[in-house]
Every structure is written in structure tokens, then in C-alpha cells.
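Colleague: What follows is the residue order along each chain.
Protein chains: 2
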Amino acid sequence: MMRLYDSEPSGNCYKVRLLLSHLGLPYDPIQIDVINRQNRQSLLANKNPSARVPILELDDGRTLGESNAILLYLAENTPYLPDGRFERARVTQWLFFEQNSHEPNIAVARYWKSIVHQAERFPEQMRAKLDAGRTALQVMEHHLRPRPFLTGERYTVADISLYAYTHVAPEAGLPLDDYPSLRAWLQRVKDQPGHVSMLVGT
Amino acid sequence: MMRLYDSEPSGNCYKVRLLLSHLGLPYDPIQIDVINRQNRQSLLANKNPSARVPILELDDGRTLGESNAILLYLAENTPYLPDGRFERARVTQWLFFEQNSHEPNIAVARYWKSIVHQAERFPEQMRAKLDAGRTALQVMEHHLRPRPFLTGERYTVADISLYAYTHVAPEAGLPLDDYPSLRAWLQRVKDQPGHVSMLVGT
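Here the protein sequences line up with chains A and B, keeping their order. Count the first sequence with my numbering and you get residues 1 to 202, in order. Count the second sequence with my numbering and you get residues 203 to 404, in order.
No lab work stands behind these hints, which were simulated from the structure alone. Don't take every hint at face value.
Claimed, not checked - Under the rule of at most 25 angstroms between Cα atoms (straight-line distance), these lysine to any residue pairs were calculated in the SDA-like manner:
id, chain 1, residue 1, chain 2, residue 2
1, B, K315, A, R85
2, A, K47, A, P79
3, A, K113, B, A330
4, B, K249, A, R85
5, B, K249, A, F149
6, B, K249, A, G84
Full structure from sequences and hints, please.
Modeller: Given below as C-alpha cells:
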């Protein structure tokens, strides 16, 4: 059985749990602390060079890091990733947008504000991350106005990836009131068969 | 013929130029200013939702954004991207590492320090980006010690992507003296047939 080195409050880990749930694939979750990072290197560095979760361990022991790389790997030949070369490139475009323009801003601001409660230690960075996070949300709002999902008519791993930290953006200090298309999209994602919440029991 | 919305000092654009050179594919480069960003929205937003370069425009007019998505698209069925599902996932793992742990730190610090000369305006962010940039370089140094390229024996788009901002890390304030494996890898990348420099004429 596959193993997932996992952390419940991490949106990056949640993406993988959400796709695994859609696919109905069983796995063994191993909880890693995202706050106390003392044992990270010894625990994870031989499984992922950057010693970060999520890490997917296949049944033959090979391991894969980076949430969006894991999504692409698992989604191959499933309805969550198109077959066509250009359509697949369009999905990966959104996955790289997520890791470059969205996650480094919204996930980190949320971590400081709502997970470790230390936002006031980083005033200049918090301001920059909230500004850039707002820009990322505006790009999505504008793009989702005329279409149900990020790449068009179909729910893909692009939506799974961007849902993870968008639906908790208020925990970063970015309320979603001014983003009606984004809120309608969040609801469409929640309505997909096999959807699971980020935190168990919510 | 394909068009590339391009900017010469941008490492993200350089990645695409480097792969196009390896592949011997002709293209029409259109220079976009990375410093004066006033006309960005009107010029680029209908080609890439985030209005950033590089953007690849195919001969049928379809456009693709995000440097690493363009690399994956162009590399399909070429020697620069493996065929096997897991081997390809390993390449994409490094591409996401690049956009999340490497580029947001090293590229932005370089932009502030050596392109617009305003590093002193962002002291807290500069410190954080140099610390995180150093961590990314250390991950690569450690990983490259026993292997010639990031995914093993073979030069792939993972190496192309990470070369772009690693070879100019000193311009960000991150000298490479303490990274011997990284410097040997930079030389191996430069030695590949079809290699081109970032700046024309250098």
C-alpha cells in the first residue's frame, strides 16, 4: 500500500489527500509535525531532498516529493488530467502559478497568522505576501468569471491544487467577500463526488 | 512559426530560449520590458492570466504561460524529458522545487539587487530570501554530490530550469564558492550541445 507522509493542517498535503479520495485509492498516512521541525532532516531528507511534506511513498519504496508533482503523477490516465498535450500543459500552467504566485504568499501568511501566531514578527513580509496573495486571487477571480473550472468545463488537478490554499485564504487575512466567482468555484469544487474536508470531522 | 514573449535578463525566459536552442526550433522573440511594467496588463493579460513572461504563442495562436509548463510542453517526446511515468514525475518534482523554493528567493533577490538596484528598500525580505536561497542551493549541492544531473545520469528540463537562476545566484548576493558540486554541475550544463548564454554576446 502507498504511504503518505502527511500533515493535517498543510494545504499541500491536503491536495494529495483530496485526489486520493477522488480516486478511491487506499493509503497509509503518517503524520509529520509542521510546527516542530526538529526531526525533519533525519526523518525526511532521504525521502525528499528538501525534507518537506507531502511525500508519497510507493509500494516499492520509491518516494516522490512536491505536492503538485504528486498530483500529476497520480492523475495520469484518470479523469483529473486531460490526455491532450496542450490541455495537459494548460493544467501544469496553473500548477506552477499555484506554487509560484499563490502558495508562497497565501500559505505562508496563513502559517504565520493562524498556525504559529507570529505574523507581527514579519511586518514587511506579511504586507508583501498579502499584496501578492490578493493579486493571485484577483487573477483567479477574473479567469473564473466566464468558466466553471480553471481549465474550462472540466474539474482537474489544477482546481484541486488551487482549492487547497484558496479556501483557507481568510485564515491568512484575505477574506473572500469581494471574489464572487471564486466563491462559486469553491462551492463547485466542494460539490465534486469524493470531496473531503481539509480537517477530519469538519 | 512560434512566438516567444521574452525578456533577455529574465531567467524564466532564458529557460525557454535554452530548450528551444537545444531542440533547434525556430521562433520569433518579442521583447517585453521587465522593469517598466506599465503596459503589461493590456499587452499580456489576454495571453497569460497572470500577465507575466515568458509566454509561448503557438502557430495556431494558442498561448501558454509559466516557464516550467512551457518546458514540459516543448520537451515531450524529446531526449529532455523521460518517457517513464515515475521518471517524469521526478523531473516535475524538481520543476516545482524550482518555482517554490528557488526562484521566489534567488530570482527576486537578484532582481532587487542587480536589476533595479533597490535591495535596501526591502531589508527584511532580502534577509529572508537570501536565507531561503542558501537553503535551496544547499539542497542542490547535497543532491548533486553523487550524481551528474538532478535526476541522475541524464540532462533534462529539470537541469535547464534550475540552471537559469543558479548560474546567476552571485548577482543575488549568493556566491557559489562553497558549492563545489553545484559548480561542477553548472559546467556540465554549459557543455551540453546547443547551449546558449543568457545574455546575447556573452
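Colleague: None of the hints should be skipped; say for each whether it holds.
Modeller: We went through each hint and held it up to the structure:
no., hint, verdict
1, B:K315 to A:R85, "violated (38 angstroms)"
2, A:K47 to A:P79, "violated (28 angstroms)"
3, A:K113 to B:A330, "holds (17 angstroms)"
4, B:K249 to A:R85, "holds (18 angstroms)"
5, B:K249 to A:F149, "holds (18 angstroms)"
6, B:K249 to A:G84, "holds (20 angstroms)"
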